[in-house]
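Based on these hints, arrange chains L, U, Z, G and V on the given structure of chain C.
Protein chains in written order, with our numbering: chain C, 267 to 581; chain L, 267 to 581; chain U, 267 to 581; chain Z, 267 to 581; chain G, 267 to 581; chain V, 267 to 581.
Since the hints were made in silico from the structure, they are not lab data. Quantities reported herein were computed from a predicted structural model and do not represent experimental measurements. One or more hints might be untrue.
Treat identical chains as interchangeable: a pair holds within one or across any two.
[Claimed, not checked] Pairs of lysine to any residue residues, derived as SDA-like cross-links and limited to a Cα-Cα distance of at most 25 Å, are as follows:
| # | residue 1 | residue 2 |
| --- | --- | --- |
| 1 | K523 | D490 |
| 2 | K349 | S475 |
| 3 | K272 | Q543 |
| 4 | K493 | A510 |
| 5 | K349 | G522 |
| 6 | K493 | E525 |
| 7 | K516 | G506 |
| 8 | K278 | S476 |
| 9 | K523 | E474 |
| 10 | K272 | L489 |
| 11 | K320 | T507 |
| 12 | K523 | I470 |
| 13 | K553 | S453 |
| 14 | K320 | S485 |
| 15 | K320 | Q531 |
| 16 | K516 | E281 |
| 17 | K349 | N444 |
| 18 | K349 | K449 |
6 protein chains.
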Amino acid sequence: MFYHNKKLQYFKPPEKPDAVYAMKIQELIGGTFGEMTVMMQYLFQGWNCRGPAKYRDLLLDTGTEEIGHIEMLATTIAHLLDKAPLRLQEEGARDAVVGAVMGGSKPGDVINDVIAAAMNPQHAIVSGLGATPSDSVGYPWNGRFIVSSGNLLADFRSNLHAESQGRLQAVRLYEMTNDRGVKDTLSFMIARDTMHQNQWLAAIEDLESSGLETTPVPSSFPLDLEKREFAYQFWNHSEGTESAEGRWAKGPSMDGKGEFEYVAQPQPLGPEPEPPQTPIQLHGTPKTQQQQKTQGNGSSAPPLVESVTVKNPEV
Amino acid sequence: MFYHNKKLQYFKPPEKPDAVYAMKIQELIGGTFGEMTVMMQYLFQGWNCRGPAKYRDLLLDTGTEEIGHIEMLATTIAHLLDKAPLRLQEEGARDAVVGAVMGGSKPGDVINDVIAAAMNPQHAIVSGLGATPSDSVGYPWNGRFIVSSGNLLADFRSNLHAESQGRLQAVRLYEMTNDRGVKDTLSFMIARDTMHQNQWLAAIEDLESSGLETTPVPSSFPLDLEKREFAYQFWNHSEGTESAEGRWAKGPSMDGKGEFEYVAQPQPLGPEPEPPQTPIQLHGTPKTQQQQKTQGNGSSAPPLVESVTVKNPEV
Amino acid sequence: MFYHNKKLQYFKPPEKPDAVYAMKIQELIGGTFGEMTVMMQYLFQGWNCRGPAKYRDLLLDTGTEEIGHIEMLATTIAHLLDKAPLRLQEEGARDAVVGAVMGGSKPGDVINDVIAAAMNPQHAIVSGLGATPSDSVGYPWNGRFIVSSGNLLADFRSNLHAESQGRLQAVRLYEMTNDRGVKDTLSFMIARDTMHQNQWLAAIEDLESSGLETTPVPSSFPLDLEKREFAYQFWNHSEGTESAEGRWAKGPSMDGKGEFEYVAQPQPLGPEPEPPQTPIQLHGTPKTQQQQKTQGNGSSAPPLVESVTVKNPEV
Amino acid sequence: MFYHNKKLQYFKPPEKPDAVYAMKIQELIGGTFGEMTVMMQYLFQGWNCRGPAKYRDLLLDTGTEEIGHIEMLATTIAHLLDKAPLRLQEEGARDAVVGAVMGGSKPGDVINDVIAAAMNPQHAIVSGLGATPSDSVGYPWNGRFIVSSGNLLADFRSNLHAESQGRLQAVRLYEMTNDRGVKDTLSFMIARDTMHQNQWLAAIEDLESSGLETTPVPSSFPLDLEKREFAYQFWNHSEGTESAEGRWAKGPSMDGKGEFEYVAQPQPLGPEPEPPQTPIQLHGTPKTQQQQKTQGNGSSAPPLVESVTVKNPEV
Amino acid sequence: MFYHNKKLQYFKPPEKPDAVYAMKIQELIGGTFGEMTVMMQYLFQGWNCRGPAKYRDLLLDTGTEEIGHIEMLATTIAHLLDKAPLRLQEEGARDAVVGAVMGGSKPGDVINDVIAAAMNPQHAIVSGLGATPSDSVGYPWNGRFIVSSGNLLADFRSNLHAESQGRLQAVRLYEMTNDRGVKDTLSFMIARDTMHQNQWLAAIEDLESSGLETTPVPSSFPLDLEKREFAYQFWNHSEGTESAEGRWAKGPSMDGKGEFEYVAQPQPLGPEPEPPQTPIQLHGTPKTQQQQKTQGNGSSAPPLVESVTVKNPEV
Amino acid sequence: MFYHNKKLQYFKPPEKPDAVYAMKIQELIGGTFGEMTVMMQYLFQGWNCRGPAKYRDLLLDTGTEEIGHIEMLATTIAHLLDKAPLRLQEEGARDAVVGAVMGGSKPGDVINDVIAAAMNPQHAIVSGLGATPSDSVGYPWNGRFIVSSGNLLADFRSNLHAESQGRLQAVRLYEMTNDRGVKDTLSFMIARDTMHQNQWLAAIEDLESSGLETTPVPSSFPLDLEKREFAYQFWNHSEGTESAEGRWAKGPSMDGKGEFEYVAQPQPLGPEPEPPQTPIQLHGTPKTQQQQKTQGNGSSAPPLVESVTVKNPEV
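Next comes chain C alone, as it looks inside the complex (with noise of 0.2 Å):
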């Protein structure tokens, strides 16, 4: 059960209004690795976890405090999209503008112009101003976007893969705008994103030294069960071998159980496909229109394909 503090976790107001940088900053809201994919992957984790207290604990306090970091987002928002412009200027005052050139005046008033035009069209038509569950290219979010499988070493590394990409994106913005009141708010959430990275790679490594999960995930899987044999190889698919060079192609495996092998010039294992031919009833098209012939006056008459194991329906 939640509750709510009407104070936001931290916030610095906008100094201008910017509503083309409000529909950008909608990606740290709606997008793949926005606020609401980590609140929601975080909680579903939490909700789903079978494993130690902890580790639960972990996940709900952490689902929690993104859901304070969209509220954080949406003022943002808000703030910025404060008088933005709903429509191109006439041509009337665009002339006026112009006389105003000619007697000191600046052609960049067509910036209003620029905003009106660009900036995302649901800001004002859909939400009034608001903030969108959606990215920023108006995209909305989507539950496919969040993972929660049960496994926490899998479930741990989505996470700091997440909060890696959710970083990155965040110090992009950071650098895509020059407003100190922004740039503010979201040094604390770059901060935090500092955070979680650590924090997840020490869930990783609290994780791994309690001997519940380790490489490769799951590692409950019996490793006889997989072909050993291509565990450790390193297939290179392109004519050249730039792919040698690297950690990956020699040396002891990640894993500790094996040794890593670069494989020049693979080979296909497998046998060409033959796929089976499908029923008449599905009317593909057959190998030989000698089959399609045999069938042709049948489509009503014979029976369907009825079944998968029995050999011998009609005894």
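Just chains L, U, Z, G and V, lined up with the frame of chain C:
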């Protein structure tokens, strides 16, 4: 530019058809962590790579291998869908089975009805017993499943997470069948996933030891631009403290640049939000009726808010 | 900023597992009118609210409650998925059942196969028997399911509709199970939906009596700017007139500002459309070949249509 | 069965082209609350209607009218896209403009570049300057935008909400242009939205007075099956009590069947969740390593969990 | 503007309910090639048509007919969903059946459980046994399923392909049932698909013989602007040459403007790609550490890359 | 199995960067008819092909070529995004430009702001100036864009339509730039599209002359099973008869099996629909209140509708 060898990288045919399992194994083709994802993710990362040539080659070699994995799975699915029952049996036919039961046959024959009812209908109607670019519930693969950021540490972590979830899912599907052919093919793919988990761990080590990237991602962002005082705090957003027991709650941070701190009772640092009022032209609900009234007759008359940046437009 | 209490708002465990029902009840988490929808809708409306503080608080209180509803349902689903059958039984096993039938046992054992075939495969493969952010057919929740417009009357009506569809769906799921644990948990949620329907009806009355908003939404738009002569006409677009029998066909309009009128044989008021010809550079099919020909050699030569607003660019 | 009249229900041509506005007005065709939504929603509700004939006819008449609304908007968009600038001007051309500025012409000519850059690219590349079935950011309309539940009170409330959001958006678009042709066409559509809001309010009154449906939806569910003690409580999930000031916090409930109650400090009524452990075959992380170990060698050996309902399968 | 006739274009009621088949036949309403697709595709093509009036009328006539096809299918689905079993039977009930088996009744009664488990849950929970705007796996129809390009030859080919896939799917569904009512209704729809395939073939001939469009689409693009030397080559991207045996590998090209040529061992004509380095502000991984270092302290200081076209911004 | 050659099939670098055009040309990668579509469509059709080997090889050769087309376009986009302006200029900087105007410089410098505002924000934030698997409005490619039906005539027609729309879009993009590098690369791709249109026309002729498939698709369905009397009628669903003037309205049908007929005033052949009442457990609105009342107290008591096929379950 790409070339095709008509043979499969590896393949064992299923022992017998199983249309329901065909539906399930679609997860490995078109699911969030299926082969379409790793193929497209590695190819786009390779095409977009500005880093050292060995990383670009690594990415494109592996992406090229994954195209062949879809091919293997598509062939497997074609075999699993062979002779799929396309409709429920007639009542009369089912009665015959009943008679047979009395005479020694098996009520299990209803299994054909189960399969006809539960298989993915699009395997019959849309693809004519072929594989489709969708997951185990028929949801289509889409481009938001992948990421290519240009930051190789962020991306290698994404790749590690994809291979972790991917191997976990392949293992689960291995457990969900007794078909020795399918299990054999999967045991090859699981081994390749073992390699790929090791490979991305090795690529991370390779990249970090090269000095090009370190934690936190992106490491090229000056740390003094983030609010350092919050960069190593764990905020406990719940009433209990199980989350205090982990590696992430105390001790040196994983990046070696700070010390973890546990904040047991975190308090908000920001104010209550006060989003600015929206212009009357957007017809949002204002704080007080007064405001609404004074604007009441204005919709067609007053000029729109025109300017974001200019203070004195009439100059 | 948000906090988490580790206890559930309400909960009774299911009496026994039922993986097929687990799939169905996902509709209440990630469906169009599931808890993710109401949670996100109320939170975004609250964050974007510029109206009186009591409405903002109303929205955020209720949105915060709904996070806990997802938590309750996720827990219910974890219990329903317990011991889910992960694959069809072996033929041999089924034969054993057959023998048992002869000896007095039950053919209903095939029910395990039914469940293994019909349950959501992603509950096993992707989430490891945990809830997912998707609906009863596995389609992911997405941000287009919610609305936050800034106009509170429009939004409260959206909330009323969401709670109406939501309670209807919860009631249908109540009818679709005999499990007393599930029914008990649902009877709590259905009661909350009763409150929320009443609550939004009350909020609408509260808002309308405050004078801030009335029908038609948005009431701040001057009515004389719409074509009033068509604002209360019912157009009968079919050959019969059953639709003339309702309250909407005659009498004073609901907003008290007009009189309903029934137009039995409506005629078009506009002309036939004549979309303008497209420029040759877009290679659409023109009205006549002549036009095409004169443009035929021009594609690389003539300047593109350059200007929208300027009549004499060469001046 | 349907018929087409080649004339439009209503139409005034735009005064001049405006490709950016063409992009924005797409919201009224393919947006969440656009004409495709109301058309499809009313038609499906009509086709699925089992209630009195007058409601079915009401729904199909209105749905049929809405098809024509898409037609009007598509025609409007074709005119707005006329002569759309398809690429940025040459540097040379721009220099010429500069010279002209010096001689008295206008820097506003850059507006063509603004439009070429900001218009929906698919209006040129995909549709050849025609309307598309998508919203103002190019996101396609989809079937989850509509609902047809079979419960007419639930559905009429959905219709009322759709027309409220729809009229709000049409009004906003009216405010976002000065084109008298577009404004005229919109003022017709806004008037129809006024009718449709009134119409669904009337249909709700008609339905409720018929006794077929009342609040709470669905009214045919016996109230004693829900937990009545929670059916009129407002839970205050935050530290302040602004939410206590509204109609929803005290007094008789809107359905006349209870009394609102304000719970200032709500406490959880349920236990901490304890999701059951997952079977080893799914390789989730268990609570303790011990469990994992004893299962460690079992993956291929022990039988899968077979049964949901049968206690003694070996009988 | 559109009108509705309350009678169906054609209809025979199903002989008996079949909720699983109701799920499958949804493919013909909301699938990629269902009636919603052809209806919307023809209407949008008609509304956007700038070609001769006969084509516009052809498109709108056929699009209007297709609305009625959805109506027929929705009615069929309502009948198929009649009396749909809404939950699995009680264990007790199933035991009774078992007893009955011993006494002469049928184990096939489990078929109700099969249907209750495998039918589309949304047919019960969401639509109350009505049709939905989605396909046979519950995925919603969306606007990207259709195309309206303004080039009639391109679009008529799209229509031909849609009717080909559509008739194929209708035929498969015809084969997947024994219900004479359903088969009768489908045999009408299949006949209409025959007409529509013929119709689009005729429209293509009509259009090509008019001289407005020919192969290759778009024919108004001067052929000398494409690299003619590659316009008739077949590139063999695999090691075998089965693909040399077809009509496409030799002889005059279909457009009569060239000669097919088979390139057995195609070689790349371009260089290795060298994407330019990204600016430090985007924090991508550079080619060498050196570069990264020199940029290391600059993130806040140096100006962003400012200009695309201007060489000397300081002038 | 697949191999990669590090060189591009063809490539000319763009003359200069153009971030807005980079956004637009994404349509050719991830749009409905982009290279991802043809690549995936041909590969899946090839993998699923049961027809003669030459068709399978044709499909896989062409699909393999298309992978390389994505590679070419991704490289083009990387060059176009070079030096993309990442934020609007400072007001001060813009003032400096103004001063420059007075001194002879150009107001066109605002073009950088236009580009910074209108480019796809994800090209900066998400991909770090690399290509993405999405279209020109940022919508991701998805698996529903392709079809592989197993019927080769249906599929070759799909391929012909894809190449027609694809070439049309490539030509439009050719017209929308003056960059000679981009135009050169596109002129290669347009030539390949010319080949591919010819190729699928040739494949259709090859297939039809082989006797394996003819019109109407699927030709293996006995024609006497469709309602032949409606198989060649054109139904005029509007009040005018422009549609009577085309090849489809009279004369022999294209399949040579019938005669076109024009039905000027088509009438419905079916009855008014009467969908059956839904069970009380789904709480839909019934036809009359009476029905509702008798069911009123029953919700928990009476058994659910149990059986679809069994008339006397108590026997």
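Cross-check of the supplied hints:
no., hint, in the structure
1, K523 with D490, "within (12 Å within a copy, 41 Å between copies)"
2, K349 with S475, "neither (54 Å within a copy, 29 Å between copies)"
3, K272 with Q543, "between (65 Å within a copy, 19 Å between copies)"
4, K493 with A510, "within (23 Å within a copy, 38 Å between copies)"
5, K349 with G522, "neither (60 Å within a copy, 35 Å between copies)"
6, K493 with E525, "within (15 Å within a copy, 43 Å between copies)"
7, K516 with G506, "within (17 Å within a copy, 34 Å between copies)"
8, K278 with S476, "neither (41 Å within a copy, 33 Å between copies)"
9, K523 with E474, "both (15 Å within a copy, 22 Å between copies)"
10, K272 with L489, "neither (52 Å within a copy, 30 Å between copies)"
11, K320 with T507, "between (46 Å within a copy, 8 Å between copies)"
12, K523 with I470, "both (19 Å within a copy, 18 Å between copies)"
13, K553 with S453, "neither (64 Å within a copy, 28 Å between copies)"
14, K320 with S485, "within (21 Å within a copy, 29 Å between copies)"
15, K320 with Q531, "between (48 Å within a copy, 17 Å between copies)"
16, K516 with E281, "neither (54 Å within a copy, 37 Å between copies)"
17, K349 with N444, "both (19 Å within a copy, 18 Å between copies)"
18, K349 with K449, "both (20 Å within a copy, 23 Å between copies)"
Violated hints, in rising order: 2, 5, 8, 10, 13 and 16; the structure is consistent with all others.
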